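Visitor: The chain contents come next:
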Amino acid sequence: DTGVSQDPRHKITKRGQNVTFRCDPISEHNRLYWYRQTLGQGPEFLTYFQNEAQLEKSRLLSDRFSAERPKGSFSTLEIQRTEQGDSAMYLCASSPGLAGLNEQFFGPGTRLTVL
Amino acid sequence: AQSVTQLGSHVSVSEGALVLLRCNYSSSVPPYLFWYVQYPNQGLQLLLKYTSAATLVKGINGFEAEFKKSETSFHLTKPSAHMSDAAEYFCAVSEGTNAGKSTFGDGTTLTVKP
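Chains as they are written, first to last, in this note's numbering: chain A, 1 to 115; chain B, 116 to 229.
For the record, the hints were derived by calculation from the structure and aren't laboratory data.
Computed from a predicted structure; not experimentally measured.
Fair warning: there could be bad hints in the mix.
[What the hints assert, rightly or not] Some chain A residues judged to face chain B by a derived CB distance under 7 angstroms, without partners named:
| id | residue |
| --- | --- |
| 1 | 41 |
| 2 | 43 |
| 3 | 45 |
| 4 | 85 |
| 5 | 88 |
| 6 | 96 |
| 7 | 103 |
| 8 | 106 |
| 9 | 108 |
[Stated by the list, open to error] Partial pick of chain B residues on the chain A-facing surface, computed with a CB cut under 10 angstroms:
| id | residue |
| --- | --- |
| 10 | 157 |
| 11 | 197 |
| 12 | 218 |
Using N, Cα and C, we set each Cβ at its ideal position, and we do this for glycine too.
Turn these sequences into a full structure, and let the hints steer you where they fit.
Guide: See the structure below:
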């Protein structure tokens, strides 16, 4: 068990560019979550997957954001036409689902800076 | 709907003193409650969780928390602070076994003075 991994750890981009982040959950965890954390605040829920199905999306997830989990394993989060307000830490977490009673295991995060 | 309020964005204690971090929650159904710790530039690590079993929950690193339904609270305590406890702490609530998401408080930064 190597834990949840995220790539890249840091991303600096210019406004208007597209970025994509990857999350590899703990193997056999069927739930995967994306959160966004800004300075001085707790993580805010963005979306989650049960296997490959995206079951819930936050209102925070504008149409510039899209997430996928095509084979029920790793997930990607893409932000199109980035804005300075997108600068944040993007956290991924996985959970074994019902068996784990919603305990979530977090990755180290991807810090995005939009110039 | 669910929400979490952490009272006190910054708490400072002396090494060896009691740590008390406050958390109040709101939930329309019986909640699951969690405390996480976050060190700089790292993800969140679970300290402990309440899942409707014992109301006094013991976690890692000597932390514990007590679920009080009448007060809708889930305060985190540690009898004796250590320098390594300096970090940011988040309380979170999740509704029921089928809920996907957790709702987090804004966090409390714990400073430990020598």
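Visitor: Against this structure, judge whether each hint is valid.
Guide: Each hint, compared with the structure:
With its C-beta approaching chain B no nearer than about 5 angstroms, residue 41 of chain A sits inside the 7 angstroms limit, and its interface hint holds. Given the 7 angstroms rule on beta carbons, the hint for residue 43 of chain A holds: about 5 angstroms separates it from the nearest Cβ of chain B. A hinted interface residue such as residue 45 of chain A counts as satisfied when its beta carbon comes closer than 7 angstroms to some beta carbon of chain B; here the least separation is about 4 angstroms, so the hint holds. Hint status for residue 85 of chain A relative to chain B: violated, with the closest Cβ pair at about 18 angstroms, above 7 angstroms.
With a least beta-carbon distance of about 14 angstroms to chain B, the hint placing residue 88 of chain A at the interface is violated under the 7 angstroms criterion. The interface hint given for residue 96 of chain A is violated, since its Cβ lies 12 angstroms from the closest Cβ of chain B, which is over the 7 angstroms cut-off. Evaluation of the residue 103 of chain A hint against chain B yields a held restraint, the C-beta minimum of about 6 angstroms falling below 7 angstroms. For residue 106 of chain A, the interface hint holds, since its Cβ comes within 7 angstroms of a Cβ in chain B; the closest pair sits about 4 angstroms apart.
For the restraint placing residue 108 of chain A at the interface with chain B, the shortest Cβ-Cβ distance is roughly 5 angstroms, inside the 7 angstroms limit, so the hint holds. Because the smallest distance between the Cβ of residue 157 of chain B and any Cβ of chain A comes to about 6 angstroms, under 10 angstroms, the interface hint for this residue holds. Interface restraint check for residue 197 of chain B: the shortest CB-CB distance to chain A comes to about 23 angstroms, outside 10 angstroms, so the restraint is violated. The beta carbon of residue 218 of chain B comes within 7 angstroms of a beta carbon in chain A, closer than 10 angstroms, and the hint placing it at the interface holds.
Consistency note: the structure conflicts with the earlier hints numbered 4, 5, 6 and 11.
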